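Trainee: From first to last, the protein sequence lines are chains A and B.
Taking the working numbering, the leading residue of the first sequence gets 594, the next gets one more, and so forth.
Taking the working numbering, the leading residue of the second sequence gets 1051, the next gets one more, and so forth.
Treat the hints loosely; a few may be bogus.
Said to hold, decoys possible - Result set (PhoX-like, lysine-lysine): computed pairs, CA atoms no more than 25 Å apart in a straight line:
no., chain 1, residue 1, chain 2, residue 2
1, A, Lys774, B, Lys1101
2, A, Lys922, B, Lys1101
3, A, Lys900, A, Lys766
4, B, Lys1061, A, Lys876
5, A, Lys606, A, Lys683
6, A, Lys861, A, Lys683
7, A, Lys774, B, Lys1061
8, A, Lys643, A, Lys653
9, A, Lys876, A, Lys861
10, A, Lys861, A, Lys766
11, A, Lys858, A, Lys726
12, A, Lys606, A, Lys643
13, A, Lys951, A, Lys922
14, A, Lys774, A, Lys861
15, A, Lys858, B, Lys1101
Claimed, not checked - Pairwise CB distance ranges (calculated):
no., chain 1, residue 1, chain 2, residue 2, range
16, B, Glu1062, A, Leu715, 21 to 27 Å
17, B, Glu1062, A, Gly758, 19 to 25 Å
18, B, Glu1113, A, Gln890, 30 to 36 Å
19, A, Tyr905, B, Val1060, 34 to 40 Å
20, A, Glu901, B, Met1078, 29 to 35 Å
21, B, Asp1120, A, Arg665, 41 to 47 Å
22, A, Tyr709, B, Gln1067, 50 to 56 Å
23, B, Glu1113, A, Gln834, 42 to 48 Å
24, B, Thr1110, A, Arg665, 54 to 60 Å
25, B, Met1078, A, Glu732, 32 to 38 Å
26, A, Ser920, B, Asp1085, 57 to 63 Å
27, B, Glu1062, A, Leu889, 57 to 63 Å
28, A, Asn661, B, Thr1066, 36 to 42 Å
Simulated from the structure, these hints should not be mistaken for lab results.
This structure is a prediction, so every number in the text was calculated from the model and none was measured.
Where is the CB? At the ideal position from N, CA and C, for every residue including glycine.
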Amino acid sequence: MANEALTLLELNKRISSLIMVSSTQNVWVTAELSDVVVRGGHCYMELLQKDPEKGTTLAKARAMIWANLYPRIESQFYAATGQRFATGIKVMVQVSATMHPVYGISLVVSAVNPEYTMGDLLRRRREMLERLKHEGILEMNRSLEWTTLPQRIAVVSAPGAAGYGDFRDQLYKNQARLKFKVELFPAVMQGERAPETIIAALEQIAMQSDAWDCVVIIRGGGATSDLVAFENYDLATHVAQFPLPVIVGIGHDRDVTILDYVAKKSVKTPTAAAEWLIACGVKALERLRRIGAEMLQTVADRLAGCKEQLSYIEGLIPSVAGAVIQSNKAKVQSQLLVLASVGSRRISPELARLNHVKDVMVSATKMAIERKNIRLNTIAELLDAISPHATLRRGYSITRINGQVVTSVSQISHGAVLETTLADGMIKSTTNN
Amino acid sequence: MANQPVFTPVKEMTYTQAVAELESILRMMQSEDCDIDQLAAYTRRATELLKDCRSRLTATDEELRSILADLEK
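Make a model of the complete structure from these sequences and hints.
Mentor: Next comes the structure, spelled out in structure tokens:
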């Protein structure tokens, strides 16, 4: 028996014949890609099945796409999904198991169903978006205001990549002569290390965030696109929570990554990012120009308006003055009339009153005189009644001697000359006894 | 003479604040309330703001030369 050992080739051929049966041929299988590499036009890769909970590998197989099929399959896949074959991508592939005497078992891919990959990417992205939303950070970067025009730009990109150089040249040589400051914060922009290096670059920028107006994340041109690297939750949270507005230019012409959902501004290419920044500046310059022009017009209008008003007033003054004089004259006239009528109304009664007073005074005076006369007459009569004349008229007489009134016989001496006054005259007589 | 308005020094303002002030001066000038005595003051202020905003946005010849020289390196 020992002498009848098989050669390894014979054994491998047996294994091969056992493996390459109809049940292992042209079967559709779902798996995750890993270690994708293109060599000699052929594409080699690992197919994995991982435990969805623990992430541990449950199954693994080598796979390849022959060079005669690879370009067609790859371009169809890229056209449909915007993805290249790369680590982490979930695929549904049609494979046939083969056993090569030298290279061992591997799965030869004959077709790919891009819809499965699309569905998986979308599902994963949707889950991440839900999570970001739930955590309240989804809109954080998007809701940042542009506090100033973005002119100081921190770029996260691959060093030496054409994309960054073009971006910087485009900004520095812009036709509008807008001022820009651009600095590179290097990161790996493809493969598994992309998220961690981009996060490191972002953290570096965050430490000097006063020095920058915004961050631009762009991919170097010509690099193999594998957007799956950007479909990363940690990276998304860093971009979403970044204190400065983030502009992302890593997208594909048609497809997007989760970063396009969380960044302030999403464009497709570095060129588009530069164009957008320049457009912002041009718009700002245009706004300044418009304000300046409008202000000039306003000032000119205002001054012209004022001059017009002045000359209008100037023209009005003579006629206005005439009108004013006229109207004042009329006013004075009417006031005179009013005054006259008021005067006559007020003066007439006063005159009447004065006249009345005069009459009263005249008659009062007359009466007073009358009364005085009557009284004087009475007194006169009284005086008359008690006067010596009245006594004389009644038959009495007054006898005087040498002017002295004689009231006693003793006063009369012999021979005295008596002067007797009667009512109507005087007689002299001489006593003889 | 009306009271002359008091302005913040332009250098202490952000670009956004400067442009906002420009817009508000323009609106004020266009309104009927604008005092003709203040027109000159506001025009001077607006000119200052415009000049500063433009200089913040655009590079001088000298700055351009230095940028382009850097690119050549």
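Trainee: Now, for every hint given, state plainly whether the structure supports it.
Mentor: Against the structure, the hints come out as follows:
For the proposed pair A/Lys774 and B/Lys1101, the alpha carbon gap of about 20 Å is at most 25 Å, so the pair holds. Only pairs whose Cα atoms come within 25 Å are accepted, and A/Lys922 paired with B/Lys1101 is rejected, the gap being roughly 60 Å. Note on A/Lys900 and A/Lys766: the hinted pairing is violated, with a Cα-Cα distance of about 47 Å set against a maximum of 25 Å. Simply put, B/Lys1061 and A/Lys876 have alpha-carbon atoms about 22 Å apart, close enough for the 25 Å limit, and the pair holds.
With a CA separation close to 32 Å, the supplied pair A/Lys606 and A/Lys683 exceeds the 25 Å bound. In summary, the hint linking A/Lys861 to A/Lys683 is supported, as the alpha carbons are separated by about 24 Å, within the 25 Å threshold. A threshold of 25 Å between alpha carbons decides the hint, and for A/Lys774 with B/Lys1061 the separation of about 20 Å falls inside it, so the pair holds. For the hint pairing A/Lys643 with A/Lys653, the CA-to-CA distance comes to about 9 Å; that is within 25 Å, so the pair holds.
Annotation: proposed proximity of A/Lys876 to A/Lys861 holds, straight-line Cα distance about 21 Å (limit 25 Å). With a CA separation close to 21 Å, the supplied pair A/Lys861 and A/Lys766 stays within the 25 Å bound. This hinted pair checks out: A/Lys858 and A/Lys726 have alpha carbons roughly 18 Å apart, not beyond 25 Å. A hinted pair counts as satisfied when its Cα atoms are at most 25 Å apart, and A/Lys606 with A/Lys643 does not qualify at roughly 31 Å.
Proposed proximity of A/Lys951 and A/Lys922 is contradicted: the alpha carbons are some 42 Å apart, above 25 Å. Distance check on the hinted pair: A/Lys774 and A/Lys861 sit about 22 Å apart at the alpha-carbon level, within 25 Å; holds. Taken as a hint, the A/Lys858 and B/Lys1101 pair is broken in the structure, with Cα atoms around 29 Å apart against an allowance of 25 Å. B/Glu1062 and A/Leu715 have their C-beta atoms about 49 Å apart, which leaves the hinted 21 to 27 Å range violated.
Separated by about 37 Å at the C-beta atoms, B/Glu1062 and A/Gly758 break the suggested range of 19 to 25 Å. The hinted window of 30 to 36 Å between B/Glu1113 and A/Gln890 holds, with their beta carbons roughly 32 Å apart. Taking 34 to 40 Å as the suggested C-beta distance range, the pair A/Tyr905 and B/Val1060 conforms, at roughly 39 Å. Separation of A/Glu901 from B/Met1078 is about 21 Å and departs from the stated range, judged on CB atoms against 29 to 35 Å.
Checked against the hint of 41 to 47 Å, the C-beta distance between B/Asp1120 and A/Arg665 comes to roughly 46 Å, which is consistent with it. Take A/Tyr709 and B/Gln1067: their Cβ atoms lie about 53 Å apart, and the range 50 to 56 Å holds. Take B/Glu1113 and A/Gln834: their Cβ atoms lie about 34 Å apart, and the range 42 to 48 Å is violated. Between B/Thr1110 and A/Arg665 the C-beta distance comes to about 56 Å, which sits within the given range of 54 to 60 Å.
Checked against the hint of 32 to 38 Å, the C-beta distance between B/Met1078 and A/Glu732 comes to roughly 36 Å, which is consistent with it. A/Ser920 and B/Asp1085 have their C-beta atoms about 33 Å apart, which leaves the hinted 57 to 63 Å range violated. For B/Glu1062 paired with A/Leu889, a C-beta distance near 26 Å fails the hint of 57 to 63 Å. The beta-carbon spacing between A/Asn661 and B/Thr1066, approximately 60 Å, falls outside the hinted interval of 36 to 42 Å.
In summary, the numbered hints that this structure violates are 2, 3, 5, 12, 13, 15, 16, 17, 20, 23, 26, 27 and 28.
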